[in-house]
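Number of protein chains: 2
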Amino acid sequence: MKLTILRTELNEAVQNVSKAVSARSTIPILSGIKIDVSDRGVTLTASDTDISIQHFIPLESSSKTVVKVERPGSVVLPAKFFVEIVKKLPHEEVNLEVGERFQTLIHSGATEIQLVGLDPEEFPVLPILEEDRVFSIPGDLLRSMIRQTVFAVTTNESTPILTGVLWSLQEGVFKFVATDRHRLATCKTNIDTDPGLKFAGVVISGKTLNELSKIIPDQNTLVDIVVADNQVLFKLGEVLFFSRMLDGAYPDTSKIIPSQFKTELVLNTKSLSDAIDRAYLLSREEKTNIVRLLTTDDGNIEINSSSSELGRVQEHLDVTDLTGEPLRIAFNSKYMLDVLKVVDSEQLYIGFNGAMSPIIFKPRDHDNSLHLILPYRTTN
Amino acid sequence: MKLTILRTELNEAVQNVSKAVSARSTIPILSGIKIDVSDRGVTLTASDTDISIQHFIPLESSSKTVVKVERPGSVVLPAKFFVEIVKKLPHEEVNLEVGERFQTLIHSGATEIQLVGLDPEEFPVLPILEEDRVFSIPGDLLRSMIRQTVFAVTTNESTPILTGVLWSLQEGVFKFVATDRHRLATCKTNIDTDPGLKFAGVVISGKTLNELSKIIPDQNTLVDIVVADNQVLFKLGEVLFFSRMLDGAYPDTSKIIPSQFKTELVLNTKSLSDAIDRAYLLSREEKTNIVRLLTTDDGNIEINSSSSELGRVQEHLDVTDLTGEPLRIAFNSKYMLDVLKVVDSEQLYIGFNGAMSPIIFKPRDHDNSLHLILPYRTTN
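Quick mapping for you: the protein sequence lines, in order, are chains A and B. Quick note on full-length UniProt numbering: the first sequence kicks off at 1 and runs consecutively. Quick note on full-length UniProt numbering: the second sequence kicks off at 1 and runs consecutively.
Hints are supplied without guarantee of correctness; some may be wrong.
Identical copies look the same in the list; a pair holds intra-copy or inter-copy alike.
Claimed, not checked - Below, computed lysine to aspartate or glutamate pairings styled on DMTMM-like, alpha-carbon distance capped at 20 Å: (1) 198 x 365; (2) 2 x 48; (3) 287 x 229; (4) 287 x 321; (5) 188 x 229; (6) 19 x 92; (7) 2 x 171; (8) 87 x 192; (9) 88 x 238; (10) 334 x 367; (11) 270 x 344; (12) 207 x 338.
If you are wondering where the hints come from, they were derived from the structure by calculation, not from laboratory data.
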């Protein structure tokens with residue numbers, strides 16, 4: 001293997017695939033990045049078995065020569081050092097040459113680096129997926145749907161299935177669900193695809209979705225999603241992102257969302273968020289994060305929290321609309337702030353069924369998302 | 001105590017003094033911020049006994065009313081919560097009122113906060129310093145001198161005196177020295193002051209200087225420095241910053257700086273820094289940080305590092321000037337990078353006396369700083 005490659009393009013590819021390198025793998029080869037050089041270009045691959053990322057660099061890009069191949073071949077290089085050094089090479093032209101026993105020589109300006117390479121044959125082969133279930137979604141929409149839901153997955157590994165987000169596609173509606181049993185986040189969008197295309201019960205790790213989010217380009221490009229038997233593949237231009245599905249059955253959450261409410265509230269999202277944030281600051285010092293919301297006689301609401309050591313925060317909030325029974329409810333303010341952070345609507349609807357029942361949040365501008373948090377069961 | 005104050009000015013003062021609040025004080029009163037209200041304005045004070053910071057807010061600022069006092073008085077409020085909530089109050093006008101048993105009411109917009117205040121009589125009284133040793137220095141110069149030296153203090157508490165920076169003023173020369181026994185950083189500047197004014201052996205904690213650095217305003221204002229018996233006071237406009245001096249005698253470091261050199265090198269600071277940085281990346285993986293510098297037959301230098309597991313980095317560097325004996329020396333590259341980061345001169349002089357003797361760094365543009373690192377004693 002011998003080639004010349006431009007540092008900027010190599011660096012972009014290395015940074016992208018490095019997100020799949022596991023920091024503490026027990027399998028030495030997985031702490032490396034695989035480089036495959038063919039007459040068509042250079043392919044970089046990294047994998048931690050849960051995620052695999054592949055980035056292809058073609059010979060030319062916008063009619064500029066990016067790669068000059070002298071001799072095709074493959075090698076695996078130690079990721080941690082390679083990722084850092086590629087950022088800092090002194091010259092835009094980088095020469096890579098693999099010699100005996102995968103000894104690799106990197107040349108750039110007056111810098112010469114010898115690296116102990118590993119045998120690419122030992123690197124796991126990426127699956128070849130059946131591409132019969134494929135659809136496309138704008139990258140920024142996918143990123144927004146991840147953001148709307150991924151915060152609600154559990155970090156508790158004792159229920160592994162809940163560390164993921166449940167995906168389904170039914171009659172053109174692409175839907176995400178996440179829950180940690182204390183709260184629930186859902187969102188959906190209409191996909192312009194063959195109405196016969198459908199799947200359900202696909203669960204993808206929250207961590208994986210966070211990594212995917214970072215790699216989706218800012219420009220509004222389409223992401224192709226391939227749903228295979230136990231893998232999902234995301235195609236983002238020259239980047240392929242493979243994710244394993246989580247094993248197990250996701251609990252049915254459809255029945256816990258009420259359709260009738262005893263108290264209904266419409267108010268400005270930002271005003272509520274600011275008020276809860278101040279009350280949270282005090283409740284945080286008590287380690288409980290408990291904040292209370294109560295309806296007032298003048299048809300508005302009060303938010304308050306108290307701490308025996310510090311004192312009390314009390315907020316009066318004018319609402320746009322309040323109907324139904326008077327209410328006094330306590331909840332984990334951190335959970336409510338998590339919801340309010342992702343609501344992308346100026347006005348917010350909140351539905352209640354008394355102090356012991358779930359609280360439901362719906363944006364007023366659209367019905368693409370719905371969030372739920374359980375109240376804190378307290379007597380005062 | 002009862003007053004109205006503008007949020008922006010209150011917030012600035014609270015953020016400033018909060019740097020002196022100790023996170024885990026065993027003395028409860030020190031986890032608070034003291035507020036004193038007089039007919040002249042509002043004074044905020046915080047102290048962790050090593051550092052004390054006081055910020056005065058006058059009634060008016062640029063002919064705008066900032067404070068309206070209804071009733072003078074004092075209270076101590078819990079710092080952690082107060083610092084956060086002041087940032088987030090909804091309205092620019094903030095009312096503060098202290099009632100019985102130091103119960104404090106904060107009012108801003110529709111937010112009402114009751115805080116459990118503490119007795120201001122319990123708060124330590126700041127020392128009244130004799131102001132007979134006073135001089136002034138531009139804020140950005142003071143910050144630069146701190147930056148040139150503070151990285152070289154030790155973090156090892158077994159030699160407390162070396163956790164500080166040694167200050168002296170002799171014949172109008174203000175000088176800083178810091179060392180952790182592996183390296184030495186010094187810098188000096190000429191101060192326009194009474195030539196009779198002098199002091200030596202003043203040692204100020206590195207941590208304190210870092211906090212001071214953050215509080216020095218960006219605008220080029222003069223800082224007044226008052227050196228008293230066991231305290232140093234910095235006056236930065238309306239802010240007073242008190243620092244305790246460290247006890248003990250600072251070791252004499254004047255004899256370890258050689259004045260003659262066997263090998264002398266002048267080169268571009270940035271080129272050397274970049275080359276060392278790349279070699280450091282590899283040496284870091286070996287946990288030793290060892291990098292070697294050697295003179296080459298063509299009158300230039302080579303920088304290299306190696307790792308049995310990863311390989312080798314080799315850099316050829318053209319120098320501006322090289323005189324004296326050939327050299328091969330090994331050192332801790334982290335220490336050298338720390339020096340190269342603060343050198344504010346395009347060209348750098350480095351003096352050597354063989355592989356076992358200290359390495360000396362001097363900027364070429366001025367002689368206000370000098371740095372020294374000990375080599376790594378290795379046989380290869």
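Here is what the structure says about each hint:
1. 198 x 365: neither (28 Å within a copy, 71 Å between copies)
2. 2 x 48: neither (27 Å within a copy, 62 Å between copies)
3. 287 x 229: Neither: 44 Å inside a chain and 44 Å across chains, both beyond 20 Å.
4. 287 x 321: neither (32 Å within a copy, 63 Å between copies)
5. 188 x 229: neither (22 Å within a copy, 70 Å between copies)
6. 19 x 92: Neither, since 23 Å and 44 Å both go past 20 Å.
7. 2 x 171: neither (50 Å within a copy, 65 Å between copies)
8. 87 x 192: neither (40 Å within a copy, 46 Å between copies)
9. 88 x 238: So residue 88 and residue 238 fail the 20 Å test inside a copy (24 Å) and across (44 Å) alike.
10. 334 x 367: neither (24 Å within a copy, 55 Å between copies)
11. 270 x 344: within (10 Å within a copy, 46 Å between copies)
12. 207 x 338: For residue 207 and residue 338, the Cα distance is within 20 Å only inside one copy (17 Å; across copies 36 Å).
In the structure shown, a violation is registered for the earlier hints numbered 1, 2, 3, 4, 5, 6, 7, 8, 9 and 10, in ascending order.
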